[in-house]
Structure formats: C-alpha cells, structure tokens
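Novice: Sequence:
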Amino acid sequence: MKKPRILHLTGSFNQGGTERQAYETVSGLVAAGEFDVRLATLNAEGPLLSAANALTEGQIHEFPIESFFSRSFAHAAWKCAALVRSENADLLHTHDFYTNVFGGAVAALSGVAVHIASKRETFGLRSRQQESIENLCFRRSNAIIANSLAVKEMLVDSGLAAEKITVIYNSIDAAKFANADANGIRHELRLPENVPLVTLVANLRHEVKNVPMLLRAAKKVCLENAAHFVIAGEGPLETALKEQANEMGIDGNVSFIGRSMKVPELLAASFAGVLTSDAEGFSNSIIEYMAAGRPVVATRVGGAAEVIANGETGFLIEANDSEQMADHLISLLRDPAKAAAMGENGRRLVQERFARPRQIEELSGLYRLTLSEAFI
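If you use my numbering, the sequence shown corresponds to residues 11 to 386, in order.
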C-alpha cells in the first residue's frame, strides 16, 4: 500500500527554534516510517542543512524568493506547485510565517489535497499587514498547528475557528540532554571554572528576545553572588549587547559564545536557565533547560506558563522585570538544594509531556485525520 506523501516546507536550516523543530519533526517522521516524507525550503543554508540532506539523501528542493511582492515569488510558487504535482504529494506542511504564505499560494496552484499551516508565535512580531495575509492563508488551510494553548487562544481571538486549530507542543530528545557530559565544555568555551553558570539560549536577531533585561539582572546578581552569565546565540544585536555589558561594568561576568552546537553539554555545566523574551509562542529553550535538570526563571509570555510550574520547576516573572529575575536567581544561588530539586521536577515533566515520540504520534494522528477527510 502506498504511503501518504508529505512535503514539508521550511524557511531555512538555521539554528533557530522553528528551524530546529522542523528538522527534528521531519527526522522523527522519517524514523517512524508511516509516511513518505519529502523536504523543500525557501533557503538551503544553515548548520542543519547537512543533517537534513542526510535524512533526505540530498533531495531537498530550494525555492528562493526576494519578497512576497516580487516576480521571484510567483515564479518560485509555480515551480513548487509543479513539484507538488510531479511528486504526487498528498499533504503540504508549512512551519512559519513565510512558508505559510508561500505554501498557501502553492496549495492553491497545485491543488494539493491538504495544507497544514503552523503558528509558533504570539502577535506583536508581525505587522498588521503581515498578520492579515497570514490569517487569510490560515482560513484557506485544512488545519493549523499551534505550539501552545496561548497561541491557539490568540488565533481564536483573531476570528479563526477553534476546531481548525490543534495544539501540538514542541518536543525534545530528552535523553540527549539528560545524558550530556559537562566535562571539558567550560574549557572549550573559555568559561570560568567553579562558578555557577546562568545560561540564556536565544537568537540575537530579534529585539523581542530582550537580552538587555538579562544584563540588568546579571549586574544585580553579581553584586553579591559568584555567578557567570552565558548567552548562547548569534545575530546582529551581539555587538551592541557586548558594548552594553562593557558600559555596565559586567563584561567580565558575561560571555557571548555565539551559536553553539553543544547546547546539551553547556546546560549540563550550567546552574540555571533563563528566558527574557517579551513575546514567544513556546520556547524551545525552556524545555531544553528542564530536560537538562536545570531550574528556569522565565518571563510569563506565550506558552511559558503551560510548562513551568511556578515554584516547582522554576519561576515565572513579568516581562522585562529584571529585578524579579535577579531576586529569583539570587534565591536559587543561595539554596542549591532547592535549585536541584526544581531541576529534577522539570526533567520528569519534560520526559512525560514533551518527549519526541509523543509529538510525532500527535502529528501523525492529525495527518491521518486531515487526509481521511480530504479523500472521503
């Protein structure tokens, strides 16, 4: 019997949260073997490309576009629609704003049976025009995946039907974090030995990540406590953030290590993890911190409250409240036993609710449902 053919369309193969989740989803589906999974992208660049090529035996199709209003968009959409038809794809799965819009055009041109779109962020990151365009694509799709209840509620408030939206949380290979080796990573990354590390894993491309909040918290923490802050991520904001740390007199207490492919090892060597975002759909970093057995101090944005049990696996604080973040970090640094207990609580929760096999089964169930409805 022919397996249903699924074409995944990603924005790129960078190391951001959306890109990593897309890659891991494709990897999990390939391993499960129920579907014939194909992969296309708008930009065949990024550190995950080689691994993605290995998954698909190099069969990744690229459809670069300059903008939604350029000739390249129409040309690329026609080419991708031709691919959908030639490959006899049954379902098109898009993962972010750009692929939702591009994929919406491809679905209309190709006549593919099912288009599943995704929403992974809360409002405030896109212009009103962008939100309107994406909302139109959502209305034309067969189903929408939201990566948190907060995102689903936002979509419903925008006028979309609740029954069209399925919440499928981000997932993680929990064993990779639980078994990571902390030995040597401090030396490799030139981090100080014998000092508790507080780590933020976030891209430095978007101001919504609000890294300055962490710098302000770090200054207060380091006045009375031995601690070192690690910021793992890259982007054009890095230079200004380094200058800010220098002006605040905490450049010796903060390390910018750029993009790291050894996040599990870094977190194994860390004391706590933090999230400073002003807006977020569902943070990959939070479940990574918890999978590593680390307590989390995070802003109460997006789906953070759906994973962090306040006072049990970490602390939730209001957006941009650096004072509260500092106070919670100080309390954890002064009570390592409490911090360790919170970390273990978080590890168990991630293993129960956010393990990759659970996500793959939930997604596979949605594929089965939408395909069965389309082919009745």
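Don't read these hints as lab results, they were simulated from the structure. Every residue gets a Cβ at the ideal spot worked out from N, C-alpha and C, and that includes glycine. Among the hints, erroneous ones may be present.
[Said to hold, decoys possible] Cross-link-like lysine-lysine pairs, in silico, DSSO-like; alpha carbons within 27 Å at most:
1) K162 / K174
2) K186 / K272
3) K186 / K13
4) K230 / K348
5) K252 / K186
6) K13 / K174
7) K252 / K230
8) K252 / K229
9) K174 / K230
10) K252 / K272
11) K229 / K348
[What the hints assert, rightly or not] Label pairs and their calculated CB-CB ranges:
12) E44 / E163: 29 to 35 Å
13) S82 / L146: 53 to 59 Å
14) L159 / R269: 26 to 32 Å
15) E198 / N145: 29 to 35 Å
Novice: Check the following: the C-beta atoms of L159 and R269 are separated by a distance inside 26 to 32 Å.
Specialist: Because 30 Å falls inside the window, the suggested range holds.
Novice: Is the straight-line distance between the alpha-carbon of K252 and that of K229 27 Å or less?
Specialist: holds, 14 Å
Novice: Is the gap between the beta carbons of S82 and L146 within 53 to 59 Å?
Specialist: Distance hint for S82, L146 is violated at roughly 21 Å.
Novice: Does K174 lie within 27 Å of K162 when you go C-alpha to C-alpha?
Specialist: holds, 10 Å
Novice: Does K230 sit within 27 Å of K252, going by the straight-line distance between their CA atoms?
Specialist: holds, 17 Å
Novice: Would you check the hint for K13 and K174, treating anything up to 27 Å between C-alpha atoms as holding?
Specialist: holds, 25 Å
Novice: Range first: 29 to 35 Å. Now tell me if the beta carbons of E44 and E163 are that far apart.
Specialist: holds, 31 Å
Novice: Given the proposed pairing of K252 with K272, does the C-alpha separation stay at or below 27 Å?
Specialist: holds, 22 Å
Novice: Against the 27 Å threshold, does the CA-CA distance of K230 and K348 hold or violate the hint?
Specialist: It holds: about 21 Å lies between the C-alpha atoms, which stays within 27 Å.
Novice: Taken at face value, is the distance from the CA of K230 to the CA of K174 at most 27 Å?
Specialist: The given pair, whose Cα atoms are some 46 Å apart, is violated under the 27 Å limit.
Novice: Within a Cα-Cα threshold of 27 Å, do K186 and K272 meet the stated pairing?
Specialist: holds, 11 Å
Novice: Hey, K186 versus K13, does the alpha-carbon distance stay inside 27 Å?
Specialist: violated, 30 Å
Comparing the model with each earlier hint shows violations of hints 3, 5, 9, 13, 15; every other hint is respected.
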